[in-house]
Amino acid sequence: MINTGPFNLIKNEPMDIIIAYVVGRGIDHLNSIDRAREITRYVHEEYERNFSTLVSVEDKQEELPAQFYLSQNYPNPFNPTTKIKFSIPSPTSPLSKGGMQGGLTNVSLIVYDILGRKVTTLVDEPKAPGTYEITFDASRLASGVYLYRLTSGSFSQTKKM
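Final position of the sequence shown in our numbering is 388; the numbers increase by one with none missing.
Source of the hints: derived by calculation from the structure; they are not laboratory data. Since the model is a prediction, treat every value here as computed from it, not as a measurement. Don't take every hint at face value.
Unchecked claim - Restricting the straight-line Cα-Cα distance to at most 20 Å, the calculated cross-link-like pairs of lysine to any residue (SDA-like) are:
no.: 1; residue 1: LYS345; residue 2: PHE363
no.: 2; residue 1: LYS312; residue 2: SER335
no.: 3; residue 1: LYS386; residue 2: TYR339
no.: 4; residue 1: LYS312; residue 2: GLN299
Produce the complete structure using the sequences and hints provided.
Written as structure tokens, this is what we have:
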């Protein structure tokens with residue numbers, strides 16, 4: 228049996244308690260205990276992956292990127308959606324010059340087919356410095372090779388998805 232506690236319960240205060248009953252059936256009673264432990268470890272890992280414990284509620288100050296960055300889409304290959312992550316540098320970075328308007332940078336992220344024809348524009352607006360993630364839905368497109376290009380001022384980078 229795996230358990231936790233003690234709990235400090237306060238009268239008239241709600242508290243979430245999650246309980247999982249796990250049964251493992253093996254070839255004999257000792258093997259059944261081993262199976263139950265394996266299943267319990269799996270359930271615990273799934274819980275940890277999906278329900279992280281809050282350690283603090285302090286605001287985390289995110290560092291602004293020092294340069295433009297366009298990451299490889301993921302998952303790749305994909306069907307029908309994929310995510311594209313990109314970074315816009317802080318205004319103090321020498322790489323952020325060109326296209327700056329009051330702390331915002333003009334950014335475009337465009338998807339092209341293999342022949343170079345524009346398929347869709349995912350982003351075409353001024354963006355504040357930071358890291359962004361866009362979801363590209365290709366459910367209405369034929370399967371094949373597509374390219375995506377991030378452009379801002381004099382910066383331009385293209386990747387294949």
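Hints, verified against the model:
Restraint check for LYS345 and PHE363: satisfied, since their Cα atoms lie roughly 14 Å apart, inside the 20 Å limit. Using a Cα cut-off of 20 Å, the hinted pair LYS312 and SER335 holds, with the two alpha carbons roughly 13 Å apart. Annotation: proposed proximity of LYS386 to TYR339 holds, straight-line Cα distance about 10 Å (limit 20 Å). Between LYS312 and GLN299 the CA atoms are separated by roughly 8 Å; this keeps the pair inside 20 Å, and the hint holds.
The earlier numbered hints are all upheld by this structure, with none contradicted.
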